[in-house]
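The residues making up each chain are set out below.
There are 2 protein chains.
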Amino acid sequence: MHLESLKSCSSTKARAGKLRTDHGDIETPVFMPVGTAGSVKALSPEDLMQTGSQIILGNTYHLLLRPGMEVIHSAGGLHKFMSWKYPVLTDSGGYQVFSLERMNKISEEGVIFQSRIDGSKHELSPEISMDIQRSLGSDIVMAFDECTAYPASKETAQKSMDLTHRWERRSLKYFRETEPLYGHDQRLFGIVQGSVYPDLRKDSAKCLVDMGFDGYAIGGLSVGEPKEDMYAMTDVVTDLLPEDQPRYLMGVGKPEDLVRAVALGVDMFDCVLPTRNARHGILFTWDGPIAVKAAREKEVHEPVDKYCECYTCKNFMRSYLRHLFKANELLVYRLASIHNVHFYHSLMAAMRSSILEDSFSQFQVDFFNRYDIKRAGE
Amino acid sequence: MHLESLKSCSSTKARAGKLRTDHGDIETPVFMPVGTAGSVKALSPEDLMQTGSQIILGNTYHLLLRPGMEVIHSAGGLHKFMSWKYPVLTDSGGYQVFSLERMNKISEEGVIFQSRIDGSKHELSPEISMDIQRSLGSDIVMAFDECTAYPASKETAQKSMDLTHRWERRSLKYFRETEPLYGHDQRLFGIVQGSVYPDLRKDSAKCLVDMGFDGYAIGGLSVGEPKEDMYAMTDVVTDLLPEDQPRYLMGVGKPEDLVRAVALGVDMFDCVLPTRNARHGILFTWDGPIAVKAAREKEVHEPVDKYCECYTCKNFMRSYLRHLFKANELLVYRLASIHNVHFYHSLMAAMRSSILEDSFSQFQVDFFNRYDIKRAGE
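As given, the protein sequences belong to chains A and B, one line each in that order. Going by the working numbering, the first sequence opens with residue 304, and the numbers climb by one from there. Going by the working numbering, the second sequence opens with residue 304, and the numbers climb by one from there.
Read the hints as simulated data drawn from the structure, not as lab findings. A quick note: this is a predicted structure, and the numbers were derived from the prediction, not measured. Some hints could be false.
Any copy, or any two copies together, can satisfy a pair, since identical chains are not distinguished.
List time: in silico DSS-like cross-link candidates among lysine-lysine, alpha-carbon distance up to 30 Å [stated by the list, open to error]:
| # | residue 1 | residue 2 |
| --- | --- | --- |
| 1 | Lys-677 | Lys-530 |
| 2 | Lys-383 | Lys-476 |
| 3 | Lys-383 | Lys-601 |
| 4 | Lys-408 | Lys-476 |
| 5 | Lys-316 | Lys-617 |
| 6 | Lys-617 | Lys-388 |
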């Protein structure tokens, strides 16, 4: 998988390109909304298209536990099951198993765990994760890794990284031995680990590039480490990844994180933040996030952002959104999510345009001059 | 207010017509989705339009308590506040006060009650209800009445009805002395009471027709009385109401109720049933309601109704809807509500067409032959 029409910024590591999949092209840099359980919370496929979503993420772990693979496979894969015609990326399931479940057994082979939903036993391994992602039919499949917990001693981080490398090699081997199930192509990304240790990160990047994946993710960040460590690790890793292949910073992040990481040469992002914050009444604008539930919005009969082109801003006032939140009206979770996802995509599109015009450095300065991180009073 | 282009069925009392308002025409018979707190639960104005909604109902009582009249008035009325460009009917607030609140005082003057939300004291009277509905700016305003509780002795029902008549006379007088606030016209409907006593219902209908309202509602039904009483009272009342004015059966009902009441000459209905049932996974089809959460739907990769033209049926399978319900995904409340509201409007449109073609009797036979009331296993 290659970034086509690649254009690079002359003063930062930012780049703009295009990824081709059998479900359509993806213009990068790109933000991927998270459809945890086969639905980007509160949004329909039509909403996603209208907000500018090009690719969404599905969580293998959640879909494995509910509805289960037999349902999604008999439905014809995840695209058909959720009625989404555009690209899908699925994670390997590893991250959630390590962070959410009571682990029964972790071994060289893989992981055995118990479902929180019904207590049933499940197994994940590189091979099983590949099988599941073949059943889901995602356009981009992630290798099975161990997300190193933070903080980790260098010894622990090294051990975890070595296991990840063995698991990723098995993922790649098994992926190559199997075929897509639904007539469209699938691609496999490797995941760089190494905690906050630059030399481990370098080793990991080199090791994975040697294996030869379709794209490379940077994992194990945004897990509690200082922001500056996250940027430093990203910077170290992107220096070593192939110029013409996609780079994906997993689980990131806030608008300001996206701008900084694009400057470090990242092409792809996913995060629950825009949808989760929306459901809590935190709405993003170019001036910073606002808390639309605040008393001061009670009679503000103006949209969240009067220049915003989303359905919410074109039709509804802050006073109404605030009222809907106070009344627990279901409509507001959708309206707020539409706005935030639209904002994220607008931010990515603006970065892409500035890269294509080679004015990204100026964009970055302007963005940080205007964007008030603390505006919502968080 | 007159029903234009009125066409009557030759063998039942069913009729089809058109009501003109400053926010557009309404083709009758019509079903009005309920937007209790300034939102038809889980649906946007765009969803409502696409499902075929011509007019929606707003609850004075709920809007009075939250967000309060000053917010809606400063927003420019309920249409602007909720971004709904088509007709709105508001109730008087009386029904909810009598059924939901701790009454502090009920007198000839009106009602004083305490808000469940914040304990604040509120007053409702014919004049206050008219003022509130002027502030809301609804196209159709309801007179302030006392909804007689069921069961009621004849003496109690008579007393309650007499009070209602005095309150409705005051509503009409005050309404005539006041002006619309937002440049569009408003119309006032009277409400017939009289519990399940045919002679009281007749007295009430005659008394209100003498006062001269723009339309007439049949109130105090669907409150626990036997279905046959509801139909008998509706039959008695519609015989006495002016042929060329709209008739509205309040709070009704299930699909089978709508068909029977249209046969008795009712033009307008409202009910929370389609949206509430949707949120509980009960979806309506021409073969009866189905329980989409049932285990038997787990791998049914077909729409709820393969001939249905709603967004939900055109895009999603029962297996997916069931999964979303099991996973508590917000999207499903909207998808299910879209389907049910669309079904209700399709049912009304089918009745209207059959009346215009003078085949309503046959429609009724066909409907009841096919529609299995108990299909969802309720």
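Hint-by-hint comparison with the structure:
no., hint, result
1, Lys-677 - Lys-530, "within (16 Å within a copy, 59 Å between copies)"
2, Lys-383 - Lys-476, "within (28 Å within a copy, 60 Å between copies)"
3, Lys-383 - Lys-601, "between (42 Å within a copy, 15 Å between copies)"
4, Lys-408 - Lys-476, "within (24 Å within a copy, 78 Å between copies)"
5, Lys-316 - Lys-617, "neither (36 Å within a copy, 44 Å between copies)"
6, Lys-617 - Lys-388, "both (26 Å within a copy, 14 Å between copies)"
Violated hint for the displayed structure: number 5, the only one.
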